[in-house]
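> Sequence:
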Amino acid sequence: MRHLVVLIHGLHGTAGDLAYLAKLLKARHAVDTHVLVPTCNEGKTGSGIEAQAQRVVDSIVNEASLLGLEKSETIAVSLIGHSLGGLIARMVAHKLIQPSFKLRHYVSIATPHLGSRFKSIIPPDAAAVVAGQTGKELFLVDGKDPLVATLAQAPFLETLAAFETRTAYGCVQYDLSVGFETSLIRIDNPYLEPFSTRSITAPLKALMNSIPVASPFNFTSLSSSQPQLRDVSTSEGESTYAGLLDSNTDASQVHVQQMLLSLNSLPWTKIAVFPTRPLFGHVDVIVQEERWNIQFGHSVIQDIVDRVLETPVNAGV
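Each residue of the sequence shown is one higher than the one before, starting from 1056 at the first, in our numbering.
For the record, the hints were derived by calculation from the structure and aren't laboratory data.
Every value quoted in this text rests on a predicted model; they were computed, and no experiment measured them.
Some hints could be false.
Stated by the list, open to error - Capping the alpha-carbon separation at 25 Å, the derived lysine-lysine pairs in BS3-like fashion look like this:
#1 1150 / 1126
#2 1081 / 1199
#3 1150 / 1191
#4 1191 / 1099
#5 1099 / 1126
#6 1157 / 1199
#7 1191 / 1126
#8 1126 / 1078
As the list claims (entries may be wrong) - Across the chosen pairs, the derived CB separations fall in these ranges:
#9 1306 / 1124: 28 to 36 Å
#10 1245 / 1124: 23 to 31 Å
#11 1244 / 1155: 39 to 47 Å
#12 1124 / 1099: 21 to 29 Å
Yeah, the Cβ is synthetic: ideal placement off N, Cα and C, and Gly gets one too.
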């Protein structure tokens, strides 16, 4: 069976953001595996999740046609989404439910599965200004039944369950766009250091040590430490979220609790990423620019490639 791996960029992103991931996937020369990085949403990421998903679906159908598939042939589809792209991928999967496509791997990288409002310092009213309809959806202010919350309910949940595997990556710290909790569908982040003098000085020192310096042949850095990965896949039962509504019972928190319960009813592989460079975790995790980010994100990309192409992996510290 042929395998089509589709890479979906995030808010205000481009297909180029995922060029390094595409490069490593193609470098494996896996039998009957094809990589598609749609450009259809470039410059249109404020148009809403569903509109973007439909464009990606059209790109997939067109790619399948270009591959010369027979009418009776089935193609396996793996979807990898960065940030907003992970939510778009879930909608894409639902729109792809037809005999010609078999869902194989779902991978989200720093995706706000619970929306962007949960534990966010950004005012919800600013969402539409920054990101149009998509911003409203991410902050759960797009109506009585927010789209992001709806994606965690039937029939979308059944579609997500149809994937052979579901893997989520989230940065423990240094991601200013998407928090650890929403990216790994958790209520807390037990991996952050308690507030202390070191918790302030360590990031500053790490940032200074990561400033790129020019060499005659290429760009290197004073510190090329790769992020560590830890498999934090645990069975989180209903009691885990029992106290979520105690202090705040507004509608958005109700939706968050429902999403936590429903999404965690499915088996997930959850990978905590421990970035080494402050401020840039969201782009380092995908090696957005190979020259500047490879020293701080290659290990994440390598892990993703191994999982999607079904090579034995060992995430842990």
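> Please go over all the hints and tell whether each is borne out by the structure.
Hints and how they fare:
no.	hint	verdict
1	1150 / 1126	holds (18 Å)
2	1081 / 1199	violated (43 Å)
3	1150 / 1191	holds (22 Å)
4	1191 / 1099	holds (15 Å)
5	1099 / 1126	violated (32 Å)
6	1157 / 1199	violated (33 Å)
7	1191 / 1126	violated (40 Å)
8	1126 / 1078	violated (30 Å)
9	1306 / 1124: 28 to 36 Å	violated (44 Å)
10	1245 / 1124: 23 to 31 Å	violated (46 Å)
11	1244 / 1155: 39 to 47 Å	holds (41 Å)
12	1124 / 1099: 21 to 29 Å	holds (28 Å)
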